[in-house]
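Here are the chains, one letter per residue:
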Amino acid sequence: MKLFEQPAHVLHDMLVNKEITSLELTEAVLARIDEVEGDVKAYLTITRDEAIAQAKAVDEKIAKGETISFLEGIPGAIKDNICTKGVKTTCASKILQNFVAPYDATVMTKLKAQNPVIIGKANMDEFAMGGSTENSAFQKTGNPWNTECVPGGSSGGSAAAVAAGTAVWALGSDTGGSIRQPASFCGVVGMKPTYGRVSRYGLVAYASSLDQIGPITKDVTDCAHILNIISGRDEMDSTSVNEEVPDFTKALVEDVKGLKVGIPKEYFVKGMDPDVEKTVREAIDKLKELGAEILEISLPNTDYAISTYYLISPAEAATNLARYDGVSYGERAEDAADLVEMMTKTRTQYLGEEVKRRIMIGNYALSAGYYDAYYLKALKVRRLIKEDFDKAFEQVDVIVCPTAPTPAYKIGEKISNPLEMYLQDACTVPLNLAGLPGISVPCGYSSDNMPIGLQIIGKALDEETILRVAYTYEQSQSFHNDRAQLGGN
Amino acid sequence: MSYEAVIGLEIHSELKTNTKIFCGCATTFGAEHNTHVCPVCLGLPGVLPTLNKRVLEFAIKAGLALNCEINKFSKFDRKNYYYPDLPKNWQTSQYDLPICENGYVDITKSNGETKRIRITRIHMEEDAGKLVHSGNTIKDSDTSNVDYNRTGVPLIEIVSEPDMSSPEEARLYMEKVKSILQYIDVSNCKMEEGNLRADLNVSLRPAGSDVLGTRTEMKNINSFKAVEEALTYEIERQEEVLEDGGHIIQETRTWDPDRGITLSMRSKENAHDYRYMPEPDLVPIITTDEEIEAFRKSLPELPDARKARLEEQFGLSAYDAGIITSSREMAEYFDAVIETGADAKLAANWIMGDLSKNLNAESLEISDSPVDAKRLGEMIGLISKGTISSKIAKKVFEEMWKSPDSPEKIVKDKGLVQITDTKAIEEIVDKVIEANQKAVEDYKSGNKKAIGALVGQVMKQSKGKANPQTVNQILAQKLG
Amino acid sequence: MKVTKKDMENVAVLSRLDIPADKEAQYTQQLNDVLEYFDNLSAVNTDDIKPLAHVLPISNVFREDVVKESLDRDLALSNAPLKEDGYFKVPKVLED
Chain C
1 MKLFEQPAHV LHDMLVNKEI TSLELTEAVL ARIDEVEGDV KAYLTITRDE AIAQAKAVDE
61 KIAKGETISF LEGIPGAIKD NICTKGVKTT CASKILQNFV APYDATVMTK LKAQNPVIIG
121 KANMDEFAMG GSTENSAFQK TGNPWNTECV PGGSSGGSAA AVAAGTAVWA LGSDTGGSIR
181 QPASFCGVVG MKPTYGRVSR YGLVAYASSL DQIGPITKDV TDCAHILNII SGRDEMDSTS
241 VNEEVPDFTK ALVEDVKGLK VGIPKEYFVK GMDPDVEKTV REAIDKLKEL GAEILEISLP
301 NTDYAISTYY LISPAEAATN LARYDGVSYG ERAEDAADLV EMMTKTRTQY LGEEVKRRIM
361 IGNYALSAGY YDAYYLKALK VRRLIKEDFD KAFEQVDVIV CPTAPTPAYK IGEKISNPLE
421 MYLQDACTVP LNLAGLPGIS VPCGYSSDNM PIGLQIIGKA LDEETILRVA YTYEQSQSFH
481 NDRAQLGGN
Chain X
1 MSYEAVIGLE IHSELKTNTK IFCGCATTFG AEHNTHVCPV CLGLPGVLPT LNKRVLEFAI
61 KAGLALNCEI NKFSKFDRKN YYYPDLPKNW QTSQYDLPIC ENGYVDITKS NGETKRIRIT
121 RIHMEEDAGK LVHSGNTIKD SDTSNVDYNR TGVPLIEIVS EPDMSSPEEA RLYMEKVKSI
181 LQYIDVSNCK MEEGNLRADL NVSLRPAGSD VLGTRTEMKN INSFKAVEEA LTYEIERQEE
241 VLEDGGHIIQ ETRTWDPDRG ITLSMRSKEN AHDYRYMPEP DLVPIITTDE EIEAFRKSLP
301 ELPDARKARL EEQFGLSAYD AGIITSSREM AEYFDAVIET GADAKLAANW IMGDLSKNLN
361 AESLEISDSP VDAKRLGEMI GLISKGTISS KIAKKVFEEM WKSPDSPEKI VKDKGLVQIT
421 DTKAIEEIVD KVIEANQKAV EDYKSGNKKA IGALVGQVMK QSKGKANPQT VNQILAQKLG
Chain G
1 MKVTKKDMEN VAVLSRLDIP ADKEAQYTQQ LNDVLEYFDN LSAVNTDDIK PLAHVLPISN
61 VFREDVVKES LDRDLALSNA PLKEDGYFKV PKVLED
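These protein sequence lines map, in sequence, to chains C, X and G.
For the first sequence, this note's numbering begins at 1 and goes up steadily by one.
For the second sequence, this note's numbering begins at 1 and goes up steadily by one.
For the third sequence, this note's numbering begins at 1 and goes up steadily by one.
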């Protein structure tokens, strides 16, 4: 394997053993960008000079014989809705095209303490609204397995970069599947931690009660390491959980014997791609073969998850995005006679179609006369959906199902029909509504050779068990060693 | 037809915390614009609020002092509307589960009648920033400048029931609320700095009816005078409209204190669909009975209790005790005067009289009085001992206002000691009798009033220092 | 069509968005489609169900009342579209 194809834990050992330098590694990744970025278009900002400087500093440290942390000197990408002090944070929106945050997100502060090499900011659906990264105001990212296909979304840039070898690791954010679904589409590992496990301070809000930052990596081992770094209570985030963070790498054991794995029957119905169903069933068989106990379970309110999610998230988005008004930051429309006109013109001109659509859905659902029937109703059904999981977890340790109902589809194929796009999120949004952790690991390919992901869902704050199941499954297969055929590779 | 006014108040009070409600920026008044701001209060993308613990403590104390129930489960909500002084375009406030509900205060009207004004609720929220206009008014400037220093300063909003029926009652209610907030030390209540301001709701109905009329609202009224004037004007205006057969339009009106009128502010109807939603970035607040009782125990003696105590302990009239206890500072000043051993009624008279007159003339708070309680107490002691007369005391007090000297020293230095030495007074009396034979004759021929002129002459010649009682006695003796 | 022209106008004002005349029909249709789909929720009995606003059972998270350093003013204003003398500058305000 080439350097840029290696997972971080392998590269870390090579750095420690002085087989490579961070500069060599960083230059290899930058060269890979030169080679494939024209097709993949995963990045909105590339901080090349800073990356080289960071790499050199790490090499000096190693030369002096100092010990290095896990991510030290290893290049990664940050989704462009995570605030990075002094570097643009655009959320792939024209309204923030020149916005430079004067502060770092808490995850950035935690990462920077580890001295990683930050390659740049990754493309995404505008304000994380979308499942294909086609809603970026700046560029469409290609899936490294077939650049005519979408990488998934909204963290499509992060997943594509890891899959293309233009980043070793990446951070994404997941509101309704935005880490897990692109990880599934791009054949990499992506985890949405428990709501509250990772601080949201500095993550540009889409839907605050659902958003969560998480790692996108080449394998489960890297995922556990990065989760160790970014987790923990943050005094800047009142919703972050004040619980001791376990060492997640301790969960990397090959053993699922006796573990109860629930298979929710509602996740295997209408609209599912036959390749996905077949592949996921094979993975479930594999878990059984490895000693897990497979139980069919029911999550009866699953059918209502899409409606619930697409009422709550736009309602929260409508208020979260009200701040983009041209007053104190972001773009401002010219030639407005008064304040109201300035705000309206600014938003109309600089926000994208899908963002506007969700703001309007949200304001409709919150407006007088419709509030009870839509927004309040959705909050009540949300409780029922959460209770479904509570009941299921009385019987089982983890729940396993597909991450997405289809593999990656062609760019432009679904974008014109919002409702069809929303229905793609059926397997991922229930976890966000219930606040639960979930991971997507590669489990095979479609007949078109596009990756398919297996989703493993855990109890709140029990990322350890899903990491254990994911790791055991991963080690029994070799999908995590496969790489997209791209460029000269 | 005669009408009855129905008035309700929403009082906003800034809390005297060190930091803002949701971030660590300082709340100091008068700082250079846009220097007390951070990513959180600027509403930058990605920021989250964290609740200042003291805001909750102050809100609970205010609720208990205003006789409210404390909600054991309370939460924050987003109140959505667009305004440039509101960086997120929502105000973090409380909607259906405010921290306090169902309270009341009692007010005493000038006719001595007591009335209970119910409080619907008290909730916590953040203040907005300030727009600074280049033109004369908001409407004739081409641009506005925004200062976000005040954005996020903690507020409590105290919402009354529409229980008031006159401008006087509204003013008394607001004064009472102010007094209570000052007693419990949760707000500076400096109205000129906007610490305390009220939205006034008023409607009219035929006297005796129990159907509510259409109301109008006047926002951000920040003086007691303006509360009374704005309501008086608005009640008259509504009366005229109704008398002319017109209808009151439900609207927000602005009070123009210079012209003494209220004006309609045209606004779009649907701009007031606030679309409240639970604030997902703040977690609920759960309060236990034990915590509530601990707060209740921590409250100081409140105005009503203190007033009753002054009446009982010192025999003050209800009126005097009411004035003395209307502010915590004045009540504490009174207590400190009494502690020097001064007579309580004299102390009350001096505080309500010369001291208040001088403070008002110079717009000073009692806490900044040049004459502190100790010196006033000493001066009152001199009166009681007969060292100075009440009349001389006025001179001594004026001197004390200008100099830090003790009253004894001033009396001594200025030679203001009352002459009680009979011999010295006799000498003056003799001179006066000698020089005023006409008055002496009048007196002797039965016009007893003529003695007044002679007393006046003696006092004049003694430069006011002679003890008037002694003068009277000696004169009466000498004239037989 | 459950979404009326008036609904769309109201939503546009609440959203501070202009709906261009040539897009109005499309926006209305799309909003209508999703709302009709969302109506599947009416089949759920939620009579005794309390709304779920906070998914984790966390409460009483506070910050001590201690002053932290504010942003340098130039940095606070660094993203302002228009500024003057340390102020953010906006067009005139016509509406309440």
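Incorrect hints may appear among the rest.
Reference listing, derived: stretches of chain C covered by chain G, where coverage requires no fewer than 3 residues with Cβ under 8 Å from a Cβ of chain G [unchecked claim]:
id, region
1, 383–394
2, 410–424
Facing chain C, from chain G, some residues (calculated, C-beta under 8 Å) [what the hints assert, rightly or not]:
id, residue
3, 49
4, 67
5, 80
No wet-lab data here; the hints were simulated from the structure.
In this text, all values refer to a predicted model and were calculated from it rather than measured experimentally.
In this text, a Cβ means the ideal position worked out from N, Cα and C, and glycines have one as well.
So, going through the hints one by one against the coordinates:
{"no.": "1", "hint": "383–394", "verdict": "holds (count 3)"}
{"no.": "2", "hint": "410–424", "verdict": "holds (count 3)"}
{"no.": "3", "hint": "49", "verdict": "4 Å, holds"}
{"no.": "4", "hint": "67", "verdict": "15 Å, violated"}
{"no.": "5", "hint": "80", "verdict": "6 Å, holds"}
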